[in-house]
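Protein chains in written order, with my numbering: chain A, 2 to 376; chain B, 677 to 1180; chain C, 1154 to 1463.
Mixed in with the good hints there might be a few duds.
With a straight-line Cα cutoff of 27 Å, these simulated DSSO-like cross-link-like pairs (lysine-lysine) come out [what the hints assert, rightly or not]:
#1 Lys873(B) <-> Lys1174(B)
#2 Lys1442(C) <-> Lys1002(B)
#3 Lys767(B) <-> Lys1442(C)
#4 Lys1442(C) <-> Lys936(B)
Derived from the structure by calculation, the hints contain no laboratory data.
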Amino acid sequence: MSETSSATRSSSEAAPFGSPVGRRLRYRPRLVLEIRESMPAWQQFVILALSVLCGAAISTAILVWAGVPASELLSEFVNTVVDEQSIRAVLTQAAPLILVGIAASVAFQARFWNLGIEGQMVFGSIAATAVSLWHVGPESLRLLLMACAAVLGGLIWSVIPALLKLWLSVNEIIVTLLLNYVATYFLYDLLYGVWKDPTDGFPHSQVYASGERLPDIAWSINAALPVSLALMLVVVWLTQISRFGVYLRFIHANVAMAMRVGVPVVTTTFGAVFLSGSLAGVAGFVVSSGMEGRLSQGFFEGYGFSGVLIAFLARNNSLVAPLVAVLVAMLFVTGQTLQIFYQIPFSMVQLIQAIIVMCVAATEFFIRHRINLRG
Amino acid sequence: MAAVELSGICKSFGGFLALDHATFSAQRGEVHALLGENGAGKSSLMNVLAGFYAPDAGSIIINGNTCRLAGPRDAAALGIGMIHQHFKLVKAFTVAENILLANPRNGYREAQAAIRREIRAKSEALSFVIDPDRRVDTLSVAEQQRVEILKALVGGADILILDEPTAVLTEQESESLLSNIRDLAVAGAAVILVTHKLQDVKAFSHRVTVMRGGRTVNTLDPLKTSTEQLTTLTVGENVEIPSRIFHERGGPRLIVSHLKHRANAARVTLDDVTFTVHAGEIYGIAGVGGNGQTELLEALCGGLVVEHGRIEITGDVADKPSDITKASPRQRLAAGFASIPADRHAHALASSLSIADNFAIGHIHEGRFGSWARVDRHAIWRATNAAIHNADVRGVRSLSQRASLLSGGNAQKLVLAREFSRFPRILVTHSPTRGLDAKATAAVQRWLIEARNEGVAVVLVSEDLDEVLGTADRIGVLVRGRIVAEFAAPADRQAVGKAMVNHV
Amino acid sequence: MADFLVNWISSIPGLALPYALASIGLIIGERAGVLSLGAEGLMLVGALVGVGTVLRINDPTLGLLAAMLASSMVSVLFACLVVFLRVNQVIAGLSLVFFCQGLTNLVGTMLDWSNRTIPGLGLLPLGSLGALPVIGPIFFRHDALVYLLVPIILFVQWLLTRTTFGLRLRAVGENPDAADSVGINVSLYRFFAVVGGSALIGLAGAYLSVVSAKIWVAGITGGRGWIAVALVIFARWNPWRALLGALLFGGIEALIPQIAAAGIGLPQYYLLMTPYLATLAVMVWQGLKNDTVSDEPEGLGKPFVREERR
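Let's have the full structure, built from the sequences with the hints guiding it.
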């Protein structure tokens, strides 16, 4: 690699410190990187919005290359807020996204990279389906029991990485990701095996009874949405109003200091991770019971990274997360339309999400640093 | 012709003006001391000279040529070598690899041989023998420092800048180092010694330049200037050093017995530490950094569970001592513990959170600011406001501003305010005045003495011997994880210094 | 029984190779201090481009080379984000994976590269050596890349430990502050370490599609990239230990079809879980060992900024 000057010193054995050989330096202006002290919130918001738009622009370019006319793209996206059918689809889709968004936010706030949201969703749904298939409890309470089971299912799947991190300092990023794969195979084993639908032989469970599905309420919007919003309020209370939220903020800011001042770090972190897993479990239940009506393969796909995206854009704030979740839901619905009409694979949505995250992350640099050219 | 000449150097970081038209010059054949207190700008100025910082304005003239340095490499090419306070060595590499990294030679194999030859040659000038194949993390701090100097010498440096080199050395090692570099100067190098220690300046330098508040105040002959004059120039005003009034101490409050701990199989960090601190006394622990101070503090504050030994606290003489060796930080706080750690932004404050939050966290568990279900923001603001005013914390525009925006002295006052608002019975501090200017230092020392007068048992661990000698009622000397000697105030500096030297 | 063993062991090198190459590619980047979680994505890119090239010009060797080039180019995006823009390395790595997943699915569908078998790279003809009993199939019936694996590792190890370039790269990973103070351009070294290492990761992915399966389908990497990330920690950042780990995982993966072929009736999906469970087991074991002297590069995962006050 080139050095910044073309000097090599000859060994100066003759006199210990003789007069130095005069040397001409190639002069270059110097790029200096400084850390900013702070930036007003509104400025940060503007930069954030611009970066999201930039990401959207790049995605549009890719889609145009893939054969979708730009005008169509715009009209499809606008449709999601104008067309009644689309709005309903967006709101339905928003419910699980809100849940995974706050699930990710809570965990990340405790400095725990919970990338196992999809696996936790799987176990949430499996637990709920077990309640349905085994006819646990009276029918009037069945739906509620399924929801509780989903909470437990997601929670249990989040225990393993939490324990491993806190007892053995095992990095939770890999553990949670690997557990996703394990959960998926466990699901396949059930769906291709004992839980295969006897009526059609396909690898999904038999359909839930009508009392076991989340009903549609006013304006044909599924009950999943108010459920998600209610849970969101609970989480907002926990993270913004209660003492737990203060502890979380300190853990996020400076763990070493938090420990010193007596913040119950271990308890709070466990709590945050379990909460995260439970929310993810409910998200799985919401998708299976509210949207699909049965346990199926692949129902959880795309939610993991969506959660990360929402948490990242909302800066782990559970009050802002639902707004971002709605935007992501609009993206999902648009993606589904593109899939049907233009044969664009649904993983395009993931691509767009990744581009947006990268754009936003890139602009964080300009929020945190200042570049000066020193002459 | 001067070796270096800096004039009109200005440098600011964010809104903070670190250097304000500073000037400096050094000649070959002299040890030129750059004296000033913390925050005066000495390190910043030298970082500019060595190419680490780019100045906002001003000129750098080296050996008569005006230069613009694009980075440390340019400065090194001109013969400038800087030895920082925090060494820039790769710990996992050997001595030879570190020196080779800094001084590239052609070909890998030939380079190994060549660099060893050069290391041997320059070692003689330093009177320092070292096996070039030893890993740096196996060397002592003094040895690592010598390696840093070797690195510069092998690179052909004849303008050496040493930034607070004696901060990490015992008195004996300091003397040895300083006389070595004086020899280097006599042999023709220009040596710049950045320090805040007056005795080093008087004993080893030929000239001294005083800096204060980012400006150069004066350049003098140390032999012709008195200590008082130097102090006044450095500090700028008459700062009252809190005088010690004799205070009757109470019964034992903190009993530390036979603490033993190993970091790993090879390294013993605490080796049978035993001492007792009474209520109403300041027990100072003197010693060069790296002798177990950090581990001892962690053990006291609950961050470390020692392998052997006990830590007990007592209320009154009649009470049975309660064992807190394995207690969590929470439990210790409830028992009346308070701590002021050395690195305030890393361990005492959450820099990105607000001042109000940082104050409130001290009390929130007790329920002083609302219940678990709802935190009372108004109560927090009221209490924080009151605390800020009482503690004279400056620079607070709003309570919701980030704690990182507070300057060193004000941040420390916030920490003190928080810890003291709990009316602790035991206060453990580590280098509480590190990085603070004279006014803030005096304020902090006043707090400690006041606490002691109120009956608090204070443990003051500091690597600044003057601070310990000036403030403590009793002094324990910590060497290699053990209290090897205890002295009562007023202690003889020589005796304490001698005790600090590593026993074989 | 002997047949079972021979069949099993001879299938190990082919399955171990992607793990080995991906780990070594990651090691190069991580020794320079950059934590890369994007291996899964880069492997997908390599896999797709490898197959696509073979479909277009029918030359498997060029396909592999094109794969290396393509994944290096994609990693430039990651490197710019992480090295120059100091983006959080976990977020950037995750985004890279999903970016690559989405992009490869899209391109694979658009260009109709999915689900099309290719002749791929065949075994290296070693004639009568391959016909020997027992050692024949185990050692002499592999494709060229397997035989190149050891030379590649030798080269990487030589580069890291016996050259000035390697010394500087390691310095950047251990103490970027120290490296910067002696004039090493930390950003440039990190950039080239990441991009160079990514070539190997892309090759690992291309091996899966061009040599092993001889087809591209979405998700062909099946999480191997994540396992490779865990392997780097297990290997303590040493290429030879990475090879050992790769052989271990190759062995486990090789066991699955052998068990099925041998007619042993173990539940299929539980068998498929074993590589992931094995990785978890390895990580738990690492955690239990509680190493006090860590081989982890000290500067790993931390962005580097020179002018930081306080």
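Comparing the hints with the structure gives:
1. With a C-alpha separation of about 18 Å, the suggested pair Lys873(B) and Lys1174(B) falls inside the 27 Å cut-off, and the hint holds.
2. Distance check on the hinted pair: Lys1442(C) and Lys1002(B) sit about 24 Å apart at the alpha-carbon level, within 27 Å; holds.
3. This hinted pair checks out: Lys767(B) and Lys1442(C) have alpha carbons roughly 23 Å apart, not beyond 27 Å.
4. Of the supplied pair hints, the one linking Lys1442(C) and Lys936(B) holds, its CA atoms being roughly 23 Å apart against a limit of 27 Å.
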